[in-house]
Structure formats: structure tokens, C-alpha cells
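Between the sequences and the hints, there should be enough to build the whole structure, so can you do that?
Protein chains in written order, with my numbering: chain A, 63 to 419; chain B, 63 to 419; chain C, 63 to 419.
Misleading hints may appear alongside valid ones.
Since the list gives no way to pick one copy over another, a pair counts as held whenever it fits inside one copy or between any two copies.
[To be verified] Here are the simulated EDC-like pairs of lysine to aspartate or glutamate, each with C-alpha atoms no more than 20 Å apart in a straight line:
1. Lys403 with Glu387
2. Lys70 with Asp110
3. Lys70 with Asp338
4. Lys403 with Glu392
5. Lys122 with Asp353
6. Lys70 with Glu279
7. Lys122 with Asp144
8. Lys70 with Glu123
9. Lys70 with Asp353
10. Lys368 with Asp350
11. Lys368 with Asp353
12. Lys368 with Asp338
13. Lys122 with Asp350
14. Lys122 with Asp138
15. Lys70 with Asp350
16. Lys70 with Asp237
17. Lys70 with Asp280
No lab work stands behind these hints: they were computed from the structure.
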Amino acid sequence: MADRHRAKRTPMAAVRVADIAAAVHGTWRGDPERLVTGVAALPEAGPDDLSYYADSRFQKELSNTTAGVIIIAPADASQIHDRALVVENPRSAFQHILALFVISRNDEIPTGGHPSASVSETATLDPTCSVGAHASVADGAAIGARTRIAAGARIGRNASIGVDCRIGENAVLLDGVEIGDRVTIGPGTVIGAPGFGFVENDGERTRMPHVGTVVIEDDVEVGANCTIDRAQLGATRIGRGTKIDALVHVGHGVDIGERVVITAQCGISGSVTIGDGVRMGGQSGIADHIDIAPGTLIAARAAVMKSIRQPGTTVAGSPARPITEQRRAEARLYHLDDLVKRIRRLENPASDTNDSP
Amino acid sequence: MADRHRAKRTPMAAVRVADIAAAVHGTWRGDPERLVTGVAALPEAGPDDLSYYADSRFQKELSNTTAGVIIIAPADASQIHDRALVVENPRSAFQHILALFVISRNDEIPTGGHPSASVSETATLDPTCSVGAHASVADGAAIGARTRIAAGARIGRNASIGVDCRIGENAVLLDGVEIGDRVTIGPGTVIGAPGFGFVENDGERTRMPHVGTVVIEDDVEVGANCTIDRAQLGATRIGRGTKIDALVHVGHGVDIGERVVITAQCGISGSVTIGDGVRMGGQSGIADHIDIAPGTLIAARAAVMKSIRQPGTTVAGSPARPITEQRRAEARLYHLDDLVKRIRRLENPASDTNDSP
Amino acid sequence: MADRHRAKRTPMAAVRVADIAAAVHGTWRGDPERLVTGVAALPEAGPDDLSYYADSRFQKELSNTTAGVIIIAPADASQIHDRALVVENPRSAFQHILALFVISRNDEIPTGGHPSASVSETATLDPTCSVGAHASVADGAAIGARTRIAAGARIGRNASIGVDCRIGENAVLLDGVEIGDRVTIGPGTVIGAPGFGFVENDGERTRMPHVGTVVIEDDVEVGANCTIDRAQLGATRIGRGTKIDALVHVGHGVDIGERVVITAQCGISGSVTIGDGVRMGGQSGIADHIDIAPGTLIAARAAVMKSIRQPGTTVAGSPARPITEQRRAEARLYHLDDLVKRIRRLENPASDTNDSP
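Shown next, in the form of C-alpha cells:
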């Protein structure tokens, strides 16, 4: 098993701890010239590594770690005094350090189009954006400042993309899709394919044209290989600040609110409305035309078949029910043998020891 | 919330209502010169918009709509007399209008290959087909009349594609795959990857070569980011007129009949046979080597573990059962507390008010 | 139905049976000059076809087949004496024959880069590797001997790929990903996208940089349109000899052991550890931070919510439980009506015939 963890450390160029402390307004009482050369989680970090203590769930890992420098909150710092780099919010500080000292990609992306890219003459590209190898930008598309279109991505006609976006490798944005600012679209994700809508006559189905679009608001992130369909009419909407994991399907005409979190492999059927702040666990699903109240928590693998009207409800199961009801039913289900025994005893009060069903 | 719906209308070039009525053989008793400039669903349509009334599920929306022109059946037209564009089949008429007046893409696709496309000299392309930017067509492939290969799509060796097809952006058709006429393959979908088959010796697995192919018949539509594997021997088949949504997996050697409907994120294991007219709800699955009788309805999230022999059966649950049996079991499950109480009363006939478990 | 099977035979160039027998060290007592011109499963094979009898599950198919030549083990050969090509391990022999006589792709792949490929001057490519049309290889990437990068694939900066690998069409390997020898990555699969990790402040989420990588060991196969995320720190690992089907999601920091089998549409959440030899059935899932003991069998559609400590356990259901417990609970669930009747009889001993609920 030790060998399985050989790769669990991420090397970085050597940085002085004093420079790290200054960058996050932290306090470091050790040698300011000390260098760190890698980052790692507490169990894998060694004496030359920087790590962080997020919260008390990791108390055991903190006690055992050999990390050289640990980002930590003031209340916890005394446990590791000589290795503590003390900050108010360790998680945010660590996030900031990674962006400053470990991630350096952005610098390296050249602006303008790669020679192998195919960009329409009628597209409007900010001079600071970049278009990768073999990417294509169709007629009338618009791309904002500092936005990066990765290799092989397809930008459809009249699609518009705001500033500081990243459109992943081989992602597909179809005609007319509207993307806000600071949006990330994962590699291989398809935005704006027509929804699953047909007109049926005598068992034969022909396509209902889907002439709507997809609107993705600011600060949204969508993972890899997702599919977000265009609306039949109007728009499928993903609200500001919403985060979507990989392999998620969003059907046509869905309206997702702000700051929603959707975990991998969820499926959202057509015409669903999801309120602000909803969270969906992995592999959960919502049937079509359902409304989900703001703040609803949908447990992993839940299948929501009815609208949820009460904000802040937690549901689980398939079909989904309020989680306490669901957990109680599950608990009962796995104790049915007891019920059977109790019934049998009532039926045969004389023979308590009979265990046949 | 009002703002959430700002984009729920699709603008179009202004069209005279008389021209729309003529195109669908409808009756319009209002001003023939009246113009519509957009299409929208009943709740979002305004006075300059065209909408349609599909059936009585939308009676409330019809009563409240401000749509200027509404496609509607004769029996319902009196409710909105001065705004009614009367046709026999509103859904089909609306479908036709969208295709005529709103969708105009096809005109714009140039024929022939994009200069950045890579087309083998031994491929056979109809002069009216088109090949998009950075798409590639390998040796021996054949592409029919008016078929469009979108940007970045990959057409493998000796693959054949019929007439009037659309192969989506970055879709992958591997060697020897056979596609009929009027077939749509969604962006990012992979057709013809080898199935999940290995030969196991002492726990080590080596690949069983899958030398079969995939045959997709006429009028099939496959959504985005699906995977349809080639057969080990012979062919995986998708029957005529079948419609498949996004992120669906079809395993090797599966045989899907005609006019089947498969909703998003379904999974069909290897060697399954699905009869004509079957419908699968979202996120449902079928275990390997199972046969599904024609006309079976598989509810959303069902997991079919046994063959279904009786045509027209409806199943639900995991493992799937006839839906009435499944719904009854679910209802019982959520009332187990009642059973427990009844047993307790039988055990303690004297103390009816005791509620402890 | 007959017509549905027309394509269930795979033609091949004519080969003498004596040559086939020699290649697999088998015994053939018939005419050595006899030719076979196709391969097919037993039910579809005709007199000119080669087929194989894997095990007794196919006894009925063996009795009815019209196959001309059947690969078969010594103990079973007497049943079909004049058509038997006798070998010790029919499945392995058939695998070998397919590779020798039916698959001939590898010969045809040219070495070096396709003229439309985009290869960085700082990438290191073995002269025997090949790079397909419109594929791109970024700065610092390294590609080993005989490895084939298919059309449209993206190889990120400093990614490394061993010898004899196949990276599928439009697959994406992001920066720094490490791939061993003899690895197959399916078309459209994305390796190394950042995991689903954010820092939350007052309901707003900003990305936690994921600076780890993905390490894929030797002899791994990954299917089409999968997503395998990079670790936040360190590496997501896929152990030697593991096989992964299509549309599977592997979250950040997951550690998968050796010879694991993961069927289509499974989802593995972040920081999960999976022991050697585990098998996951289709559409199953594992919640985050869970440990799965070596040799665990996870049934199709199971949702594992708790760590499994006992090696060799089989679990099923959602949430997953030991399979005997789960199957017993399911059986009870579908017989609850019986329990209700028994309770009713106890409540009303006089009226045995009353069937109302």
C-alpha cells in the first residue's frame, strides 16, 4: 500500500515560507528562509511540504502528519506550534496559495488563434482571447477578453462567450448559445444540442424543431462530458454561480437557479425548475416538469418524481421522499424478519422456538 | 423570478399570419397582414408571438396567455376565437411552422469539404454532402447525398453513411460502422468502440477482439455523448425510427427494434434484445442477455434483471417488477409503521396508547 | 426476426482450417484445405464460418448450430466430432484467431504524424508512434514506441504515454497525466479534468485549484466518454490491469487497485479507495471517502454508502447491503400483503374471508 501513495504529493518550485505567509496575510514564527518544495494532504505531506488543516474531521491526520508547514486557524495552532502558518481561513488561504505558487498555466497560453484553428471572418474575438489547436469558431460568434478556447473546441454560429471563460478541449457550444463571464465548460461537454422532443403520429416520431437556446450565467462551472440541451422555445438557463460536475444531463427548457450544486451523473429531465441553492447528490435524477423549491437537498441516487414545494427539504430514495420517512422505511425493511417472527408468535403462542418462515 | 423568464421567447423574422396559415392549411379569421415576430410557449408568449395549444393539460395556460396567435384544434378554437389559427393537428402544424420559418440552418451549410477537413482520397463523398472544419474521413468511407458531417467529427475506415444524415460536432464513427438514411448522431457520441469483453486467465484479463460492427437503420436519432459499442461478432443493431436521448450506453451485440424510445442516461448491457416500440424512462437499465418484449414500458430508474416475455408490460423498480406490484410494495413500505403498531396492539391488547417501538 | 440477424456474421478473408489449427496448436481431423470465410456466434454461424464453444451455458446453441468449424475443448469434442477444432482453452484460442486473421488494423497505421496533426517542437515522440488527423500534442509531452494517438485526440503539456498504447479519437489527456504501457483510452474520454472541489464562503463557491494528476498503470483499458478527474493534491490512480467500461466517472483522488472491473455508467466519488480485484456492476456507485476491501463484488445498480472492510463481500441495493440480507429484504417487501393478511386474521379471528385492507 505504501507504494500506492508514492504519487500523492505534488511538487512545486521552491518557495520561501515568508513569501507564502505574506501572500495570505498569515503569521509564521519559524525560519522565514525555510523553503517548501511541494504540497500534499496531511497524511502524505513530508518535512519539505506545505499542507493545511481544514477542520476537526482531520484531527487524527493532524496529530500524525510529518508536514513541514501547516496552514491552520488560530484556535488550532497551538497543537503544532513550530510548524503553524496561522491564518483566519485555512481553506481559502490554501486555495490562494495554490493559485499563486502552483498553478501557472495562464501565463503560458498565447493570445490570438493557433495557426491550425479555424476562425470565421465574421466572428468577433477580443485581442486578448486565445483559440487552441484545431478549434473552430463559426460565423457571428463573439468571444470576450482573456477567454481561452482550448484545442478542438467547437464554437457555433452566433454563440457568445463573456470574459475570463475557459472552454475545454473538444467541448461543443452549438449555435446561439450564450455564456456569461468567468464560466468554465469542461472538456467534451456539449451545450445546445436539441432536446428530446418528437411529434408522434401512428407510432412514428419526427423531430419537433428545438429553436430555443441555452443561457449560462456568470461564474458557472460545468464539468467534463456533460450534455445541456437547448430549449424547444426560449432558453434552458443555468443560474449564476451554479456548479455542475461531470457526465450530468440537463434537458431542454430546464431552469436552474443560482448557486446550485449538481454532482456527477445526475439527470434533469425537460422543463424542470430548480430553485436557488439546491444541492443534488451523485446519480440523482428529476422527472420532467417538476419544480424543486430553493434550498432543497436531494440525496445521492434519489429519484424525484413529484414537485418539492417546501424550501429546505431533504429528500432521498427512489421515488424520493422526505429523508426521515425514507430512512425509517429502510430501517423497517431490513427488520421485516423481526415482524414476521412477532406475527408467528402471535399465531402460535405455544411454540416460541419455531423458526421456520 | 420574472427575470428568469426573460429569455423564454424565441425571436424570428416577421411573418404575415396569412402566410403561416397557408403553409399549414389552417384557418385564420383575423387580419391577414398581421405579423408575428417570435414563438413562445403559452405562458411566455406576448401579443407579437405565435404559440400553440397541444392538449387539455395546458387549459390553464391557454386561459391566461397573452399570445397574439395560437395554433389550435377546431374543437378548442371558440375559447380564443379572435386569436385562433385553426388546424387539425396543432402539434404537427407547429412543428412544420418552426421548420419553415424559424430554422434556416440547412441553407447555410456549404457543400463539399471545409479547407481544414481531412478527407481520404479513397473515400466516396456525394458532391452534395458537406464536411466541417477539422473533420476527418478515413480510407474507404462513403457519405451520401446532402449528409452533413459537422466540425471535428471522425468517420472511420469503410464506414458508410446514407443520405440526409447529420453527424454532430466531434462525434466519432469508428471503422466499418453502417448508418442508414435520415439519421442524426449527436455531438460527442461514439459509435463502434469495442464492447467490454475480455478473456480471463488467473485473474488477468486480456481483450477479446470485437470484430463485429454497428448497424443504425433509417430515421434513427441518437443524442449527445452516447456510446454504442460494436458487437464481438456480427452487429449491434439500432432499428428504424428509434430515438435515443443523451448519455445513453448501448453495449456490444445489443439488438434494438424499431420505433423504440430510450431516454437520457439509460444503460443497456451486452447481448440484450429489445422489441419494437419499447420505451425506457430516464436512468433505467437492462442487465446483459435479457430479452424485452415489444411494447414494454420501462419506468424511469427501473433496473430490468429478468427477461420480459409479455408484450405491453409496464415495469418499475430495482430490480424491476410489474408496475402495479411495485407500486403496491412501495405503498406498503411507507406504511410499515402502521403494521408495527397493529402487531404491538395484538401483543399488548391492554395498552392501546403505548407508542414506543 | 430472421432479418434482424442478417448482420450477425463477420466476414473475413478465406483461411485454410489447417492454418488456423496450426496457429492455436489445435487438432483438426477434417480436410486441411477446407476454407472458412467468416466468424460468428453459434446461433448465427453457417457452414463456411468458424465459431467456438466456450462453456456448458451454450450447450443448446452447440446442439443446434450449423457452424462449419467449432473451436472446442477435448472433453466436449465428441459431440461434434467432424466439425471440431480441438484446443485446451477455446476462449483464448478464439481470441488469438481473431487477432491473427480478422483484425489487421495495426499494419495500416502509418508511423509519424499526420500532416494535419499539431505536435509541439518540445514534445518527445518515439519514431514508431503515430499521431492521427487533427490530433494535437502539447509542449513537453512524451509518447512511447508504437503508441497510436487517434484523430482529434488532445495530449496536454508534459503528459506522458508509454509504449503500445492506443488513445482514442477525440479523447482528451490533460496536462501532466501519466499513462503506462499497453493502455487503451476510449474515444471521447477525458482524463485529468479538475475534480469537483470548491471553497464556500457565504453560499458562494470558488474553485479549489486541483494541482494533482492522474496516474494510469500498465495494461489498463478505459472505455468511451468516461471522465477521470485529477486529484486536488497527489494523484488519482488506476491500478495495473484494471478494465473500465464506457461513461464511467472516477472522481478526484480516487485510488483504484489492480485487476478491478468497472462496468458502464458507474460513478466513483472523490477520495474513494478500491482494493485489488473488486468488480462493480453497471450503474453502481460509491459515495466519497469510502474504502472498498479487495475482492468485493458490487452488484449492478448498488449504491455503496459505507466502507466495506471484509474482503470478498458481495453487496447489492441502494444503500448497499450484503447481498443475502438485501435479497431477503426484497423478497419480504413483495410479500407484505401476506403479512397484512396474517395480521388481519389475528385482529379478526372470526372473519377469515375478509380481504379488505
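Structure-based check of each hint:
1. In this homomeric assembly, Lys403 and Glu387 come within 20 Å of each other (Cα to Cα) only across copies, at 16 Å, whereas the closest approach inside a single copy is 24 Å.
2. Proximity of Lys70 and Asp110 under a CA criterion of 20 Å is satisfied intra-copy only: 14 Å inside one chain copy versus 55 Å between copies.
3. Within a single copy, Lys70 and Asp338 get their C-alpha atoms only as close as 36 Å, which misses the 20 Å cut-off; across copies the closest is 19 Å, which meets it.
4. With identical chains, the CA atoms of Lys403 and Glu392 are at most 20 Å apart both within one copy (18 Å) and between copies (17 Å).
5. Taking the shortest Cα distances, Lys122 and Asp353 sit within 20 Å of each other only across copies (17 Å), while inside one copy they are farther apart (42 Å).
6. Taking identical chains as interchangeable, the C-alpha atoms of Lys70 and Glu279 lie at most 20 Å apart only when they sit on different chains, with a minimum of 15 Å there against 35 Å within one chain.
7. In this assembly of identical chains, the alpha carbons of Lys122 and Asp144 lie at most 20 Å apart only when taken from the same copy (18 Å versus 70 Å across copies).
8. In the homo-oligomer, the alpha carbons of Lys70 and Glu123 lie at most 20 Å apart inside one protomer (15 Å), although the nearest pairing across protomers, at 51 Å, exceeds that limit.
9. Within a single copy, Lys70 and Asp353 get their C-alpha atoms only as close as 42 Å, which misses the 20 Å cut-off; across copies the closest is 17 Å, which meets it.
10. In this homomeric assembly, Lys368 and Asp350 come within 20 Å of each other (Cα to Cα) only inside a single copy, at 9 Å, whereas the closest approach across copies is 27 Å.
11. Proximity of Lys368 to Asp353 under the C-alpha cut-off of 20 Å is restricted to the intra-copy arrangement: shortest distance 8 Å within a copy versus 31 Å between copies.
12. Taking the shortest Cα distances, Lys368 and Asp338 sit within 20 Å of each other inside one copy (18 Å), while across copies they are farther apart (30 Å).
13. Taking the closest pair of Cα atoms, Lys122 and Asp350 come within 20 Å of each other only across two copies (19 Å); inside a single copy the shortest separation is 45 Å, beyond that limit.
14. In the homo-oligomer, the alpha carbons of Lys122 and Asp138 lie at most 20 Å apart inside one protomer (13 Å), although the nearest pairing across protomers, at 60 Å, exceeds that limit.
15. When the C-alpha separation of Lys70 and Asp350 is checked against a cutoff of 20 Å, the pair qualifies only between copies, where the shortest distance is 17 Å, while the shortest distance within a copy is 42 Å.
16. For a Cα distance limit of 20 Å, the shortest separation of Lys70 from Asp237 across copies, 17 Å, qualifies, whereas the shortest one inside one copy, 42 Å, does not.
17. Proximity of Lys70 to Asp280 under the C-alpha cut-off of 20 Å is restricted to the inter-copy arrangement: shortest distance 18 Å between copies versus 33 Å within a copy.
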